[in-house]
Amino acid sequence: MSRIEIKNEHQLGAPARQVVASLDIDSRGIGFTDITPAVGAWIEKQGFHDGLLALLIMHTSASLTIQENADPDVRADLMDALARMAPESAPWRHTSEGPDDMPAHVKSALTDTSLALPVRRGKLVLGTWQAVYLVEHRQHAHARSVQMHYVGS
Amino acid sequence: MSRIEIKNEHQLGAPARQVVASLDIDSRGIGFTDITPAVGAWIEKQGFHDGLLALLIMHTSASLTIQENADPDVRADLMDALARMAPESAPWRHTSEGPDDMPAHVKSALTDTSLALPVRRGKLVLGTWQAVYLVEHRQHAHARSVQMHYVGS
Amino acid sequence: MSRIEIKNEHQLGAPARQVVASLDIDSRGIGFTDITPAVGAWIEKQGFHDGLLALLIMHTSASLTIQENADPDVRADLMDALARMAPESAPWRHTSEGPDDMPAHVKSALTDTSLALPVRRGKLVLGTWQAVYLVEHRQHAHARSVQMHYVGS
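Chains as they are written, first to last, in this note's numbering: chain A, 1 to 153; chain B, 1 to 153; chain C, 1 to 153.
If you're looking for bench data, these hints aren't it; they were derived computationally from the structure.
One thing to keep in mind: the hints can contain errors.
Claimed, not checked - Which chain C residues face chain A? A few, computed with CB under 7 Å, are given here: (1) L23; (2) R28; (3) G29; (4) I30; (5) M58; (6) H59; (7) A86; (8) H94; (9) M102; (10) H105; (11) A109; (12) L110; (13) S114; (14) V151.
Unchecked claim - The calculated BS3-like cross-link candidates involving lysine-lysine, where the alpha carbons are at most 30 Å apart (straight line), are: (15) A:K7 to A:K123; (16) A:K45 to A:K123; (17) C:K7 to C:K123; (18) C:K123 to A:K123; (19) A:K45 to B:K123; (20) A:K7 to C:K123; (21) C:K123 to B:K45; (22) C:K7 to B:K123; (23) C:K123 to B:K123.
Glycine residues also receive a C-beta, built at the ideal position from the N, C-alpha and C atoms.
Only chain A is shown next, with the shape it has when bound in the complex (with noise of 0.2 Å):
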């Protein structure tokens, strides 16, 4: 069996407050934009102290994962893997809006579309060497939108 241990448990305060906001990216077509420089900044801006955010990105052929800060070989190595496992080859039928649009709804269908992350001392709560993308899976640029609805103290 595994060892599991809880551990640093905090009473935190009552959650009192909502806020929401767009988080706007013009993207530069097909990879990876680190959003969590914003997001922080939009969190100690607002004053937040502990609660919960959600993440909602408005597309289907773009869309969120939490994946390695460190070694952008990783993020081109995920991208080779999603194309891999829908190929703009594959039998598609829908091919109205070009080759790369349903790879795209694949692959976004595989990764993340809604993410609620805690925070913590007005901080995203994440592990050393993990960043929050946006991924856009179209070759070429779009502008994306992701809604962030906070909810705590």
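Chains B and C: place on chain A using the hints.
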């Protein structure tokens, strides 16, 4: 660098309500059921203002996903892509519940079991081309249940 | 059309508490650890009534998933399916941390990093055949940490 901008910031009412309900769906076999209208009608009936709605599907051979709501070919292609990733012909150990059961578990793991969706001014926040789908991965009809849990104003 | 019905609607107490803790797991190498009992015991010990529990795994080569808790073959088959989608033999760029590291990142992206789970009457709301698993994707044992953040009554 991608351009990132924060817009439409709003301070909302404090989260003072919690309401739950079960969304019961009789699926008609493998395929997608758009649950957006039923969820939206429940939000309206309850008079919710702003908050978070968590959805949990209580099964592991059906799942949730947010996908394109316009061209039905997108859903058919997504189903085909999932079938290529988890084909019935793979050498599965778990075959006692039929050849479509283990592929259904894999497809569920690849899509979503839990979603946390923002509600704003009494409506689900979704992009123009997005809908929330229950995805039945078994060949035959099944009774499925999605737990809805709202926290907000 | 699939039949959809809303049932078991309940107005719950206002969300007045936030509590966090860290669930630390020593994995024993590639495979699944059922964290449902530990999470359930913590909920009970804290005396939570109704709310949302967000879970975030603070790593990108291990992940979370909600899967079938009955036949262990289901987990073995799921692991095999993930290995077919992200085999060690693929032409990865990122190899400096060993041949199992990049497949682990891909498998993490395909499953869950963040979950938002309803708690009702002091218990996690899950289907009869569901459990919440930490999935270790690296071959060897690792110390893993899951942040738990509760908002509710």
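Each hint, compared with the structure:
no.: 1; hint: L23; verdict: holds (6 Å)
no.: 2; hint: R28; verdict: holds (6 Å)
no.: 3; hint: G29; verdict: violated (10 Å)
no.: 4; hint: I30; verdict: violated (12 Å)
no.: 5; hint: M58; verdict: holds (3 Å)
no.: 6; hint: H59; verdict: holds (6 Å)
no.: 7; hint: A86; verdict: holds (6 Å)
no.: 8; hint: H94; verdict: holds (4 Å)
no.: 9; hint: M102; verdict: holds (5 Å)
no.: 10; hint: H105; verdict: holds (5 Å)
no.: 11; hint: A109; verdict: holds (5 Å)
no.: 12; hint: L110; verdict: holds (6 Å)
no.: 13; hint: S114; verdict: holds (5 Å)
no.: 14; hint: V151; verdict: holds (5 Å)
no.: 15; hint: A:K7 to A:K123; verdict: holds (19 Å)
no.: 16; hint: A:K45 to A:K123; verdict: holds (11 Å)
no.: 17; hint: C:K7 to C:K123; verdict: holds (19 Å)
no.: 18; hint: C:K123 to A:K123; verdict: holds (28 Å)
no.: 19; hint: A:K45 to B:K123; verdict: holds (27 Å)
no.: 20; hint: A:K7 to C:K123; verdict: holds (20 Å)
no.: 21; hint: C:K123 to B:K45; verdict: holds (27 Å)
no.: 22; hint: C:K7 to B:K123; verdict: holds (20 Å)
no.: 23; hint: C:K123 to B:K123; verdict: holds (28 Å)
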